[in-house]
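Student: Chain residues, written in single-letter form:
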Amino acid sequence: MHDTHTGIDSPRGVWWKPAHKTEKLWLGIAFAWCMVLFAMMPFWHLKGGQNPSGIRRKVTPAAYYARTQEFIKQYQVGADRGMPIVEPPPGSDVYLTALSFQWTPILKLRKGAEYTLHLSALDVNHGFNLYPVNVNFQVVPGYDYGLRVTPTEAGDFRIVCNEFCGIGHHAMVGRVIVTDEQGNEVAQAERAQILSARDTHRDAATPGAMP
Amino acid sequence: MPKYGIPNGLVNPPRHSPDVDERNAALHGPERGYLGVTPGTVVLVFVFLAAFMLYFFTNWKLLSFVWKIG
Amino acid sequence: MTTATIPAAPRAAAVPRSDFRVCGTTGRRIFHDAEWLIRVNAVASIVALLIGVIAAVGLVLTRWPAVHLLPAQWFYRVLTVHGVSMLIFFIIFFEMAVLHFAGAVLLSSRIAAPKVAWAGTWTMVVGAVLTEIMMWSGKADVLMTSYVPLKAHPLYYLGIILFAVGALVQTIIFFATLVVAKREKTYQGSVPLVTYGAITAAIIAVITLLHGAAIYVPTFLWSLGLIPAIDPQLYRMIWWALGHSSQQINVAAMVSIWYLLGALTVGSVVLNEKISRTAFVLYVLFISMASAHHLLVDPGFSPAWKVVNTSYFMYMAVLASMLHGFTVPASIELGQRLRGFNQGMFGWLKRAPWGDPGFSALIFSIVVFGFVGGITGVTFGTEQINIIAHNTLRVPGHFHATVVAGTAMAFMGVTYYLIPLIFRKQIAFFRLAQWQPYLFAGGMLVFTMSMTFAGTFGAPRRHWDIGFANAPFDVPYHPVVNVMLGFVALGGLTAAFSVFSYILIAVWSVFLGKPYAPGALEHAEVRNPERPRQPTPALAGR
Numbered sequence: 001m002h003d004t005h006t007g008i009d010s011p012r013g014v015w016w017k018p019a020h021k022t023e024k025l026w027l028g029i030a031f032a033w034c035m036v037l038f039a040m041m042p043f044w045h046l047k048g049g050q051n052p053s054g055i056r057r058k059v060t061p062a063a064y065y066a067r068t069q070e071f072i073k074q075y076q077v078g079a080d081r082g083m084p085i086v087e088p089p090p091g092s093d094v095y096l097t098a099l100s101f102q103w104t105p106i107l108k109l110r111k112g113a114e115y116t117l118h119l120s121a122l123d124v125n126h127g128f129n130l131y132p133v134n135v136n137f138q139v140v141p142g143y144d145y146g147l148r149v150t151p152t153e154a155g156d157f158r159i160v161c162n163e164f165c166g167i168g169h170h171a172m173v174g175r176v177i178v179t180d181e182q183g184n185e186v187a188q189a190e191r192a193q194i195l196s197a198r199d200t201h202r203d204a205a206t207p208g209a210m211p
Numbered sequence: 212m213p214k215y216g217i218p219n220g221l222v223n224p225p226r227h228s229p230d231v232d233e234r235n236a237a238l239h240g241p242e243r244g245y246l247g248v249t250p251g252t253v254v255l256v257f258v259f260l261a262a263f264m265l266y267f268f269t270n271w272k273l274l275s276f277v278w279k280i281g
Numbered sequence: 282m283t284t285a286t287i288p289a290a291p292r293a294a295a296v297p298r299s300d301f302r303v304c305g306t307t308g309r310r311i312f313h314d315a316e317w318l319i320r321v322n323a324v325a326s327i328v329a330l331l332i333g334v335i336a337a338v339g340l341v342l343t344r345w346p347a348v349h350l351l352p353a354q355w356f357y358r359v360l361t362v363h364g365v366s367m368l369i370f371f372i373i374f375f376e377m378a379v380l381h382f383a384g385a386v387l388l389s390s391r392i393a394a395p396k397v398a399w400a401g402t403w404t405m406v407v408g409a410v411l412t413e414i415m416m417w418s419g420k421a422d423v424l425m426t427s428y429v430p431l432k433a434h435p436l437y438y439l440g441i442i443l444f445a446v447g448a449l450v451q452t453i454i455f456f457a458t459l460v461v462a463k464r465e466k467t468y469q470g471s472v473p474l475v476t477y478g479a480i481t482a483a484i485i486a487v488i489t490l491l492h493g494a495a496i497y498v499p500t501f502l503w504s505l506g507l508i509p510a511i512d513p514q515l516y517r518m519i520w521w522a523l524g525h526s527s528q529q530i531n532v533a534a535m536v537s538i539w540y541l542l543g544a545l546t547v548g549s550v551v552l553n554e555k556i557s558r559t560a561f562v563l564y565v566l567f568i569s570m571a572s573a574h575h576l577l578v579d580p581g582f583s584p585a586w587k588v589v590n591t592s593y594f595m596y597m598a599v600l601a602s603m604l605h606g607f608t609v610p611a612s613i614e615l616g617q618r619l620r621g622f623n624q625g626m627f628g629w630l631k632r633a634p635w636g637d638p639g640f641s642a643l644i645f646s647i648v649v650f651g652f653v654g655g656i657t658g659v660t661f662g663t664e665q666i667n668i669i670a671h672n673t674l675r676v677p678g679h680f681h682a683t684v685v686a687g688t689a690m691a692f693m694g695v696t697y698y699l700i701p702l703i704f705r706k707q708i709a710f711f712r713l714a715q716w717q718p719y720l721f722a723g724g725m726l727v728f729t730m731s732m733t734f735a736g737t738f739g740a741p742r743r744h745w746d747i748g749f750a751n752a753p754f755d756v757p758y759h760p761v762v763n764v765m766l767g768f769v770a771l772g773g774l775t776a777a778f779s780v781f782s783y784i785l786i787a788v789w790s791v792f793l794g795k796p797y798a799p800g801a802l803e804h805a806e807v808r809n810p811e812r813p814r815q816p817t818p819a820l821a822g823r
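Chains as they are written, first to last, in the numbering used here: chain P, 1 to 211; chain G, 212 to 281; chain F, 282 to 823.
Hints are not guaranteed to be accurate.
What the hints assert, rightly or not - Under 10 Å between C-beta atoms, here's a sample of chain F residues computed to sit facing chain G:
hint, residue
1, VAL498
2, PHE501
3, LEU502
4, TRP503
5, GLY506
6, LEU542
7, LEU552
8, GLY616
9, PHE640
10, PHE652
11, ALA670
12, PHE711
13, GLY723
14, LEU726
15, VAL727
16, VAL791
These are calculated hints, taken from the structure and not from any lab test. Ideal placement from N, C-alpha and C gives every residue a C-beta, glycine not left out.
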């Protein structure tokens, strides 16, 4: 006997009634799908190449920044716009500090080599976004996020801050250079294409465009 | 002056007939397969599931293209 | 056309009370305080919505590079206003109104301790006003999440604390009202499903607000200098326990409204109470720990913690949503089929009252929430996929599809019934009202899908200048990103226009509108009534 009622009427009598075939089918399928959703994560830990595990430690911001300065002193090879360029050997620990409003230092890495990239902040939360690859991590002061990264292509990359950190947030951009396996810099083909298309378009539109 | 109106559910309230319980029971007869009493919804939720699977696995594929990170 | 015969009141009052009226449409007894609590909380929510939507216009016109309207400082300020006004004030004020409706009104009960409920309401108003003043005066340029060590003025935090306390008080009065209703036998049997859903929303609200106290009270003390420091990672963890749980209140409330609108618009029939109620319970059990999906690429937590919290817990909540995703449309389909709309596979949908703004809002809310919001959210909430989504525009693309095109859309749809039933006014600008859900859904669809697509290129959220004019190095995104930001603006402006329409309709109807008295329908100016496709079915007595 059916108790036909809407959601605004009280059910008559006991409402704990068995479900019909269709509802049970959907419940089963939805549950199975949720298990797939779960299973993909441990699967990717075993077989996949991207996991946000890292080596994680608590640090004090000042101590971490000092470690970064040591790292810069040890491996600096040049500078760009006042920012040191650092070329650490493959397999080593790389230290990057986010502070309002810069990423220090500029990193020069080698394609195919693995590094432990340490991320932390001196002052407030920042967001690490590697352009144009689009990998993203939260950079938290007081925490050292040591991610084992292997660049898969050579080129000239950017670090965009994507966590609000103050009035200079949108100008906070860092740089990562990835050389080829032999250690030579290459122009990133796709970016070069975008840049030249943009410059052509802009030059056509406005003479004397900004850099 | 604006034109006024009342939503249809109050003008023409959806009422069920007095024999709705019998008709509901009849709809739920055992000859109904898995499509049950609401075949339209069953189709729609499977379309949803298909979209879900497509989007989900496409994103795993996109992820596989980025740098190795561990 | 059916005349509105008043069905018998559910219970004959032992002692006639002078402080209630009998609803001409549903026969329920509506108590004076319940009605006024709904009205005041609803009006407060519309005021917050107005502030939030004005802010939204400023934001989309700024992120659209061709316009870039606001200067940087004002962009971040208005972004703070938008988040707080919409996600905290608008939605929670509205949910208070929903609680009083689902409790006192649906159960024909008096409000337990009305004076306390009023104290809660006014505390919320004071808190909201205080917070708004702090934000607009530039003392809280920290965004809604106010991640420590960013620091706002102490009164900003105090305003939010007051708001939360007031909401907690009204929620407790809701529970007390349920007890009173049960004891005074104002209804028979179990509470209706809509009320059950509201109860789960209220339970989640308590969990949410306790987490809110846990994070905002220490942060308030820190902003006063009374606590030396707050660990930023701990802050993020507790804040998101508040933040995500509050979204689950919104989901539970939205699903309850889905059942309510289904009942009101098409007589949707509950398929199986056991399934629907169990799905609501799953929301309660699993949502707080599922907040972990905001922390998947944070350094403070192990992979095991992330996987367990994101999966065992979040996926049970996902299962609940997938269940409702079936039972709600199925209830609509069954209700329609039982009323004779039984043609083919989709006749029930094609011949549904699409001119009823409550119905169109219901359908769009379900579809956009599920297909765009749900799918993107669960996908990004995977530990590893989060790497390519975190803090990009994919995230706001996702949550505007859930809480805006989902919850807010449902709330707008139910307003078109609240106005005649509780405010007892006719809907002004009714033609516009019929179009409003379509405009909103269409605008939000364009907005969310463009934003999510822009985010796949890594375009950042919470960011004033996609052109990076003042940055030391250039960041030339693929040109499609700029195009997408243009579409975000166009979709957003369309949706904003529809929200302004909704506010105009609501405010005009309530304050300047024509009274609505069922039984006087023959005399009222009724526009575009849906002609019944069948001969009028016999009146059902229940």
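Student: Return the numbers of the hints above that this structure violates; sort them in rising order.
Tutor: Hint check: 1, 2, 3, 4, 5, 13, 14, 15, 16 fail, others pass.
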